[in-house]
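Please put together the full structure from these sequences, using the hints given.
Protein sequences, first through last, are from chains A and B.
Our numbering numbers the first residue of the first sequence as 1 and each following residue consecutively.
Our numbering numbers the first residue of the second sequence as 185 and each following residue consecutively.
Since the hints were derived computationally from the structure, they do not count as laboratory data.
Any given hint could be a false lead.
[Claimed, not checked] Keeping only pairs whose Cα atoms sit at most 20 angstroms apart, straight-line, the calculated DMTMM-like set for lysine to aspartate or glutamate is: (1) B:Lys291 <-> A:Asp39; (2) A:Lys63 <-> B:Glu252; (3) A:Lys160 <-> A:Asp39.
So the chains spell out like this:
2 protein chains.
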Amino acid sequence: MSYPNNIKKEYNKYTTFGKRGMDLEYLINEANEYYIHEDIALIYKKPTPIGIKNTDYTNGTIKGFFKEKSTLDYNGIYKGYYIDFDAKETNSKTSFPLSNIHEHQLKHINGVIRHGGFSFLIISINEEYYLLSGEKLLQFIKDNNRKSIPYNFIKDSGIKIDLTIKPVLDYIKAVDILIKERIK
Amino acid sequence: MSYPNNIKKEYNKYTTFGKRGMDLEYLINEANEYYIHEDIALIYKKPTPIGIKNTDYTNGTIKGFFKEKSTLDYNGIYKGYYIDFDAKETNSKTSFPLSNIHEHQLKHINGVIRHGGFSFLIISINEEYYLLSGEKLLQFIKDNNRKSIPYNFIKDSGIKIDLTIKPVLDYIKAVDILIKERIK
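In structure tokens:
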């Protein structure tokens, strides 16, 4: 029996607790908690979808399996705008593999933009963090027949997120730039 | 060992498949699928949050337990607006019990409105369907020291959703009225 890569990743996420420290998901959750607490934005990570096989009343547990996501991991509201994004980490120093993003997720990104919201990726590459807008991501895929996005493209077309203290990954400042770019 | 009411409800939802027919959640999911297909709105139900106890690689399953939600069930984007709501059914013919809504959910509704989004309940009562805006819900709670909202208040202050054919519960028309009311 074999599972798709993203399902395997979900398993790993729950089993390798050692990695929990300062990974991208941790940083984004920390930022979101800060934004909620300071009433700056309301952005949450969606729960991982689980298919339920059965429930056990005797000990209050369920049995199930990980299901594939059709949307992105995070969504919410900021300054009246609908925000919808995913966090992606890559160990490659030269490029971000597009196999990390599924076809239905690209369709979703496109839909969010068409309906007037902001959709993007937060990419961790070379120990740097970038917000890459859905518009630029989709344009890159349209223009290039490539299996990955070169680091230089992300550096040039993305909005760099510098690490600060509180929150460490203050990505909402990059969203501000994104909003300004669209409105001007 | 005992569980909070809402957790019990989650169990029941997954175990009483017979009830699946035309319940409110089914109707809203059907409407959302229609809106996505027709590119009218992008609104999804959030997965039920599951706490993971362990994962079993040999058969691809997980063991876990239902967790409590801190937000509402549905969110997404419509006409550029952030939409965030919950679906509530009651068997009472005279009132909607406020025990159905948790304190942190009321706080969330208030937050969504403050940030410029639209938050509301879709209430099924007396075989009728109403959209009750977060504003009116919060005002009622503020003005009244009651444990339930009378049916007459829902009838007078809510926006009635008449059943149609495709989708059956075309609730987005009630959202249109909500948007118009705020903008005028």
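Right, here's what the structure says about each hint:
1. Proximity of B:Lys291 to A:Asp39 is assessed by CA-CA distance (about 11 angstroms); at most 20 angstroms being required, the pair is judged to hold.
2. For the proposed pair A:Lys63 and B:Glu252, the alpha carbon gap of about 17 angstroms is at most 20 angstroms, so the pair holds.
3. At roughly 24 angstroms between alpha-carbon atoms, A:Lys160 and A:Asp39 are farther apart than 20 angstroms, so this suggested pair is violated.
Hint check: a violation occurs at hint 3 only; the rest are consistent with the structure.
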